[in-house]
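Protein chains: 2
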Amino acid sequence: MAKKDSEAALEKLETLGKNMIAEVMRGSSPEFETAVRSRGNINYDESFGYLRLGEKKETRTFVNVGQARKFMQTVAVASKCKKFLEEKSHTSIRGLFYQLKYSLGDDVEEELFTEQSESNPLIEDLEVALTLKREDLNLNTDRKGVVAGEMTVVDRFGGDETKIDCAKQGRSGWAIPSDVDNGMEFEKVDANYVLVVEKDALWQRLNEDKFWKKEGCILITPKGQASRGCRRLIKKLSQKKLPVYVFTDCDAWGWYIYWAIKTGSMNLAYLADDIATPSARFVGVTMQDIVDYDFLGKLTINAKEVDLKRAQEMMDYPWIARHKEWVNELKTVLKTKKKLEQDALQGPRLSFVGEYLREKIKAKKFLP
Amino acid sequence: MAKKDSEAALEKLETLGKNMIAEVMRGSSPEFETAVRSRGNINYDESFGYLRLGEKKETRTFVNVGQARKFMQTVAVASKCKKFLEEKSHTSIRGLFYQLKYSLGDDVEEELFTEQSESNPLIEDLEVALTLKREDLNLNTDRKGVVAGEMTVVDRFGGDETKIDCAKQGRSGWAIPSDVDNGMEFEKVDANYVLVVEKDALWQRLNEDKFWKKEGCILITPKGQASRGCRRLIKKLSQKKLPVYVFTDCDAWGWYIYWAIKTGSMNLAYLADDIATPSARFVGVTMQDIVDYDFLGKLTINAKEVDLKRAQEMMDYPWIARHKEWVNELKTVLKTKKKLEQDALQGPRLSFVGEYLREKIKAKKFLP
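As they're listed, the protein sequences go chains V and S.
Numbering of the first sequence is given in numbering that gives the first Met the number 0, commencing with residue 0 and proceeding in unit increments.
Numbering of the second sequence is given in numbering that gives the first Met the number 0, commencing with residue 0 and proceeding in unit increments.
Hint data in this document are derived by calculation from the structure and do not stem from the laboratory.
Just so it is clear, the structure is predicted and the values come from calculations on it, not from any experiment.
Some hints could be false.
Derived DEER-like restraints, expressed as beta-carbon distance ranges [said to hold, decoys possible]:
hint, chain 1, residue 1, chain 2, residue 2, range
1, S, 153, V, 71, 53 to 63 Å
2, V, 116, S, 321, 38 to 48 Å
3, S, 322, V, 223, 50 to 60 Å
4, V, 4, S, 361, 55 to 65 Å
5, V, 301, S, 361, 56 to 66 Å
Think about it this way: if two alpha-carbon atoms lie no more than 30 Å apart in a straight line, the pair counts; the simulated DSSO-like pairs of lysine-lysine are [claimed, not checked]:
hint, chain 1, residue 1, chain 2, residue 2
6, S, 336, S, 359
7, S, 336, S, 303
8, V, 235, V, 364
9, V, 212, S, 187
10, V, 55, V, 87
11, V, 336, V, 323
12, S, 209, V, 167
13, V, 100, S, 364
14, V, 167, S, 100
15, S, 361, S, 308
16, V, 167, S, 167
17, V, 303, S, 359
In this text, a Cβ means the ideal position worked out from N, Cα and C, and glycines have one as well.
Given the sequences, and given the hints that come with them, work out the whole structure.
Okay, here's the thing in structure tokens:
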């Protein structure tokens with residue numbers, strides 16, 4: 000990933016600026032080219048196995064009444080990110096917004112930015128144009144999720160080097176940061192597979208039973224929909240040839256957490272090369288489980304209108320609809336109007352969650 | 000806290016059960032007494048400095064058509080918790096609900112519980128009746144928040160003992176667990192004060208600048224409203240004679256995060272002795288800061304209707320209204336209809352957040 004770290008980011012930003020200056024010197028209008036990120040330019044790419052941006056480009060030019068303001072804003076965002084990289088300091092996109100809001104000085108009447116909704120898409124423009132992640136521009140993203148397992152993380156941060164042994168984090172686990180690339184190494188990963196568990200409550204259950212130790216897995220919970228940092232970590236682990244199994248609620252929302260990890264999502268299609276893990280497999284919970292484990296029948300609950308709507312939408316996604324197993328699952332939800340939470344697997348005994356996972360993983364009872 | 004740990008909890012549950020059996024043997028109806036937790040029995044107690052339950056009690060008796068079902072349910076919850084304690088296994092209240100839902104067996108037609116909303120208040124009943132926390136009953140609560148600082152945590156969990164050095168957690172910090180009492184010791188706490196920072200983004204900013212190292216503080220973010228575990232941790236640190244300073248957005252929502260830490264909240268008044276920290280002080284952000292740091296004026300944003308409504312409500316809380324400084328702050332919000340986020344302190348330079356805190360803490364510029 001040498002090309003994607005913060006040093007490379009600084010070079011890319013400098014090149015961007017120098018090229019613009021050169022254009023001005025030549026007497027032409029500076030331009031900025033980025034890929035179009037709207038739905039029309041997002042496709043499921045079968046050879047990659049995930050949602051990616053297509054070929055459509057967008058060019059922004061300074062000498063254009065409709066584009067001048069946005070052009071200036073883009074340059075301002077790039078300039079701030081360059082400063083953060085030089086200072087070796089990080090902030091959030093909210094912090095960036097306030098620096099932009101502050102920076103015009105008292106002598107200019109007009110604000111460069113009034114709402115964060117103006118600066119956010121410009122950051123995405125930069126990510127795409129420079130083929131890097133905002134994390135490489137020292138912008139922190141919301142972090143969420145924890146990890147346990149035989150894995151040592153070397154965190155070079157603020158001049159210090161810290162080794163974190165994810166097998167020795169007790170009940171807490173290691174909190175997944177925003178950026179798992181820059182200044183971060185995964186030194187020792189000794190595992191048979193990666194298990195991603197939707198809910199923190201179930202992660203805690205499995206952690207208490209030392210599931211990761213007994214089964215030799217890296218146990219991750221994204222705590223719901225996975226953050227960018229969590230998806231990136233899963234991708235990185237999958238690149239170490241570890242199989243990735245995902246365990247969620249049996250409802251469209253839970254299943255979509257799986258699909259977002261596997262094929263990426265519309266919003267982050269521009270980052271799919273970094274965060275989609277097409278090799279991921281789904282271990283459960285499935286509607287078929289209700290047939291296979293008959294006590295589960297009485298632990299189902301009613302699906303809400305929003306669950307059914309989401310299930311219908313998922314049937315219309317071609318990358319899901321191509322798998323007959325998933326179409327069957329979604330149809331069963333729509334027919335029975337039921338759902339089953341992963342928590343329900345604790346019904347007969349608290350340790351049953353682990354028994355269930357062990358059995359299904361051993362028998363390779365996965366959905367694609 | 001010897002009386003509040005899991006072993007004591009087991010004894011208390013056994014005594015509860017034995018007393019009920021004795022009542023049955025005597026030919027009388029078993030009873031269960033707990034404190035009333037409705038608003039009418041919640042008072043601000045000036046001598047304690049927080050919201051507490053009053054003296055009103057509620058008795059549930061088995062031989063009463065209106066109470067028999069609820070009585071039976073309470074006993075079922077107590078029985079499950081006893082089992083969890085004996086098995087030394089934890090689960091969430093959702094896990095408990097599914098065990099209750101499962102447990103009646105196939106031969107009984109009627110379900111003991113159909114919705115979790117039935118079992119939740121019964122857990123609170125037990126907490127109050129037995130004067131312990133659900134965490135002592137091996138029930139995990141939602142965990143949230145991270146810590147950095149010169150503090151060593153000894154986590155005895157699942158038969159292992161892990162030492163976690165909160166000064167060596169890199170960019171991640173130590174994730175605050177659900178239970179910071181049972182099997183957990185805070186061995187070495189070497190700090191001048193505790194700083195609680197509302198937003199994780201600001202925690203990350205201060206952590207990167209090594210604020211906790213330079214200033215000798217324990218740096219905590221609850222990530223918004225503080226979880227039970229986080230409030231309990233703050234309370235425990237305050238009991239080690241550490242001053243607690245809270246740093247939030249300048250709006251009613253942020254300020255209420257402070258008040259919930261300090262005086263507790265209505266919902267958790269029954270736990271106030273364990274989680275309220277009346278010695279806490281508010282370091283910022285205040286409306287007065289906008290006067291004292293004049294660049295902040297242009298970084299304010301418009302308060303939403305919901306912010307103003309909440310500010311009005313807070314003025315009506317007698318434990319807030321008794322402080323003229325807070326009444327002034329709230330009135331200024333209502334008059335100017337403005338708010339100021341803690342993120343805005345990054346406007347002039349990313350490191351300004353630390354400068355601001357250092358200055359205000361040194362000058363003891365706190366609100367009560």
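Hints breached by this structure: Going through the list in order, the structure violates hints 3, 4, 10, 14, 15, 17 and respects the others.
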